[in-house]
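Asks: Heads up: the protein sequence lines correspond to chains A and B, in order.
Note that the first sequence covers residues 1 to 343 in the working numbering.
Note that the second sequence covers residues 1 to 343 in the working numbering.
Don't read these hints as lab results, they were simulated from the structure.
Any given hint might turn out to be false.
Copies of the same chain are indistinguishable here, so a pair counts whether it falls within one copy or spans any two.
[To be verified] Computed cross-link-like contacts, BS3-like style, restricted to lysine-lysine with a CA-CA straight-line distance of at most 25 Å:
hint, residue 1, residue 2
1, K265, K251
2, K178, K223
3, K223, K251
4, K192, K241
5, K52, K9
6, K276, K223
7, K52, K84
8, K265, K296
9, K52, K63
10, K324, K178
11, K265, K223
12, K178, K225
13, K84, K193
14, K193, K156
There are 2 protein chains.
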Amino acid sequence: MTDSARKNKCRIAVDAMGGDYAPESIIAGSLQALEENRDIELLLVGREEEIKTYYPGGKERCKIIPAAEVIGMNESPAQAIKQKKDSSLVVGAKLVRQGDADSFISAGNTGAMLAASTLLTGRIRGVGRPTIGAPMPTMSGGVCFLFDVGASVDCKPQHLLEYALMSSIFAEEIYGLKNPSVGILNVGEEEKKGNELSQAAYKLLSEANINFAGNVEGGDILKGKVDIVICDGFIGNIILKFAESVLGLIKSKFKRAAEESFVNKLKIGAARGVMKSAFSDMDYQNQGGVPLLGIKGINIVGHGSSSPLAIKNMIFRAEEMFRKDLLNKFEKVLEDNMGVNKV
Amino acid sequence: MTDSARKNKCRIAVDAMGGDYAPESIIAGSLQALEENRDIELLLVGREEEIKTYYPGGKERCKIIPAAEVIGMNESPAQAIKQKKDSSLVVGAKLVRQGDADSFISAGNTGAMLAASTLLTGRIRGVGRPTIGAPMPTMSGGVCFLFDVGASVDCKPQHLLEYALMSSIFAEEIYGLKNPSVGILNVGEEEKKGNELSQAAYKLLSEANINFAGNVEGGDILKGKVDIVICDGFIGNIILKFAESVLGLIKSKFKRAAEESFVNKLKIGAARGVMKSAFSDMDYQNQGGVPLLGIKGINIVGHGSSSPLAIKNMIFRAEEMFRKDLLNKFEKVLEDNMGVNKV
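I would like the entire structure built from these sequences, with the hints used as guidance.
Replies: Below you can see the structure in the form of structure tokens.
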């Protein structure tokens, strides 16, 4: 991307059919974003008739791109991408590849979005595996990023290095964390701890141009011991889903305590509002989407139950990543630290 | 063990020097157990002079076994076991091997306890890897066991099968869960999901004589979707430590909310007692120790900060496992399901 391009409008393709409340929620969020931000152009991808129920068309910065098929939330990603060539996910991912959009966002099937982005939009030069990260709340009130949370279940050490390099730039540029510290998720702090993957990754990360803090343990994520925790997507996905379920456990515990006695019920009732706000950042729905780092486009995937607000935030996030030229920065850091040929 | 042996007193060796509050807490808990249960004999292992400060000796069912050295909480397990041959951990583990004790409990260095148990007490016939499990609270108010939580960081599918067989018996006999359901921790429910280990383990577990429920996800542990979740010790340890840190996050969130306004402070103060009791089962200290399954002895390891109550509970747990003849039941199920020669 050239400097002049950065001054242009950011063209964002939106999967109008993806998510539990599509297309209504998706279009509502898109139109809000369009109103609040004059530097974006939107391409609503999906079934024309359904989209027109909520957006009849006519706005200069918001076009409809027809796509007749929809990939369901539970369809097998690789197969769906192959078979449904006229789905909103496939068409959207291709818009970025063809240079007709700078970014593609979807609240649909995460696996299919990942597959479409990897196979159709394509990877940045030097990236073996794209990665999805998630911000976790910390005890000090900040966030700790977990990369990868499910893009790749069988990682090589080289892939963990890619995650560390790209997530460091992402955390600094988008979350304002200066020179973010990076740890490898492990069962102990010593260099020789852990399984084969973590030991080999330790060596690679300690030689890379990042703020490497060594190994961290499972308890260090919420403690916020480092800004970024690197792990393979198998364990990252399991931790992410475990963390999401904690809120359910907390609710069930308060519910049971309230049922035990009327006094308990009054006490818990008094604190309910405070509790709700305290735990709001543990609710995935408030996060508004996570980017797929390593893709040759600003592709962001959101939670299936994304609200219009979440969609709007995803669009704004995409524009910010575009303005900050993250893709070129990723490519450069990968080249500097690994040499593209090595990958 | 013969039927007549089961009618004898259960002889439990206690690591008097292990844990943050040793020997005082350990001995206090031991003496309480001795008083409440007439079917046990205790062997307090450690520095004689220090033990005598809290227990001068003289009780018929409580002997002191001298051991001059102590393995610290942060010492390298394998090395410590090798070098400190007169440590309480080494001496205690050997007492079981020699047939002088039926059980050994310690609140000391978990890794060293595991190493001493595996190398000195020895494994049950048919066990490739011993395993440590942990009970997690569920939304329905029950528990879900996680095996393994750190005994082995590089597992083979066969090891996961051993964990599933032994933990099924443990959960049924000790926790009263009839025909407990067993799931493999994975990133999705389908058989073909996950990494190489989980896919191979799926096949083995589906052919074993257990109540196999297929794959479960990270969010299913606290939901209590199954009674037992099987995983390798690398991920199990990370999840256990993550789960332990959740309580810290909850506390920090309430603290911050209370600091925000005086009204919040009053509201949270009102609910504090209820919250504390609701989350008491998420506090490792209340669990009282976890057994090492697969060892040729009832060896149990407790949290470093074990209170006298936790120690007493560990001793009672050991006696229960002894009376229920778990070691022979483990050996039999391993033989029936795998054939010892295959291991």
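Asks: Which numbered conditions among the earlier hints are violated in the structure presented, ordered from lowest to highest?
Replies: Per hint list: single violation, 8.
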